[in-house]
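Participant: Sequence:
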Amino acid sequence: MFAVLKTGGKQYKVQAGDVLRVEKLAADAGEKVQFNDVLMLGGDAPVVGAPFVEGAGVQAEVIEQIKGDKVIKFVKRRRKHSSKRTVGHRQKLTLVKITDILASGADKSGIKAATGSAPAGEAAPAAKKPAAKKAEAKAEAPAAAAADDLTKLNGVGPAAAKKLAEAGIESFAALAALSDEQIAAIETVKVKPEWVEQAKELAKG
Numbered sequence: 704m705f706a707v708l709k710t711g712g713k714q715y716k717v718q719a720g721d722v723l724r725v726e727k728l729a730a731d732a733g734e735k736v737q738f739n740d741v742l743m744l745g746g747d748a749p750v751v752g753a754p755f756v757e758g759a760g761v762q763a764e765v766i767e768q769i770k771g772d773k774v775i776k777f778v779k780r781r782r783k784h785s786s787k788r789t790v791g792h793r794q795k796l797t798l799v800k801i802t803d804i805l806a807s808g809a810d811k812s813g814i815k816a817a818t819g820s821a822p823a824g825e826a827a828p829a830a831k832k833p834a835a836k837k838a839e840a841k842a843e844a845p846a847a848a849a850a851d852d853l854t855k856l857n858g859v860g861p862a863a864a865k866k867l868a869e870a871g872i873e874s875f876a877a878l879a880a881l882s883d884e885q886i887a888a889i890e891t892v893k894v895k896p897e898w899v900e901q902a903k904e905l906a907k908g
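First residue of the sequence shown: 704, per the working numbering; consecutive thereafter.
Just so you know, not all the hints are guaranteed correct.
Derived DSSO-like pairs: lysine-lysine, alpha-carbon spacing no greater than 30 Å straight-line [said to hold, decoys possible]:
#1 783 x 709
#2 776 x 795
#3 866 x 811
#4 800 x 709
#5 727 x 811
#6 855 x 865
#7 815 x 770
#8 815 x 795
#9 865 x 895
#10 735 x 713
#11 716 x 787
Hint data in this document are derived by calculation from the structure and do not stem from the laboratory.
Input sequences plus hints: build the corresponding full structure.
Facilitator: Quick look at the structure:
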């Protein structure tokens, strides 16, 4: 018995025991997953879905998360630009072994569906890190009673002053009181040591 399943925008003809590479799945090595998008079941009594076969499923075990072969993209512009660019890419894939083909009852098997989205806790924290650090820098930055004109510092223009304000630094006193750890936590702008020294002098009045 064989089945034709769909995953990652591609179709695969599989049998029990087959090992295949599919677009990355949200599963770890050793986990069991189930492909519910079955287009066709083959054998003594073939069944063709419309578009999918209702109740059918293909179960598989995740062997490991791998990367495909490197693909090189080379772009060369002649005439006016005369530029070259080379970009390499390795597609993230999942190696799975087909364990069973279910003609019916797949919706009640209890095995999680094979999905291509990133696993929870993998991409979300990475996206939140800059915002968390920025909030932490704001929380740790000393509060200022009144805002000062930070452009009076040598090397600080309107753009840098705005970025300092976004980090919660709006006065000479606040800038002068920053520790090395707080300076390293500010991502909006690179605080130079001379700015801190000048701020200490200007904060004294």
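Participant: Hey, residue 855 versus residue 865, does the alpha-carbon distance stay inside 30 Å?
Facilitator: It holds: about 13 Å lies between the C-alpha atoms, which stays within 30 Å.
Participant: Regarding the pair residue 815 and residue 795, is the alpha-carbon distance no greater than 30 Å?
Facilitator: Given pair residue 815, residue 795 holds - Cα atoms ~21 Å apart, limit 30 Å.
Participant: Just to be careful, I want the Cα atoms of residue 727 and residue 811 compared with a cutoff of 30 Å; is the pair within it?
Facilitator: Satisfied, since the Cα-Cα distance of roughly 24 Å is no more than 30 Å.
Participant: If you draw a straight line from the CA of residue 865 to the CA of residue 895, is it 30 Å or shorter?
Facilitator: 15 Å, holds
Participant: Can the restraint linking residue 815 and residue 770 be considered satisfied, given a maximum Cα separation of 30 Å?
Facilitator: At roughly 23 Å apart (the allowed maximum being 30 Å), residue 770 and residue 815 satisfy the hint.
Participant: Has the given pair, residue 783 with residue 709, been kept, meaning a C-alpha gap of at most 30 Å?
Facilitator: Violated - the C-alpha atoms of residue 709 and residue 783 are around 45 Å apart, more than 30 Å.
Participant: Given the hint that residue 716 pairs with residue 787, test it: the Cα-Cα distance must not exceed 30 Å.
Facilitator: 40 Å, violated
Participant: Does residue 795 sit within 30 Å of residue 776, going by the straight-line distance between their CA atoms?
Facilitator: 17 Å, holds
Participant: Holds or violated: residue 735 and residue 713, Cα atoms, limit 30 Å.
Facilitator: 20 Å, holds
Participant: CA of residue 866 to CA of residue 811, is that 30 Å or under?
Facilitator: 55 Å, violated
Participant: Within 30 Å, alpha carbon to alpha carbon, are residue 800 and residue 709?
Facilitator: 15 Å, holds
The structure fails hints 1, 3, 11 (numbered hints given earlier, in ascending order).
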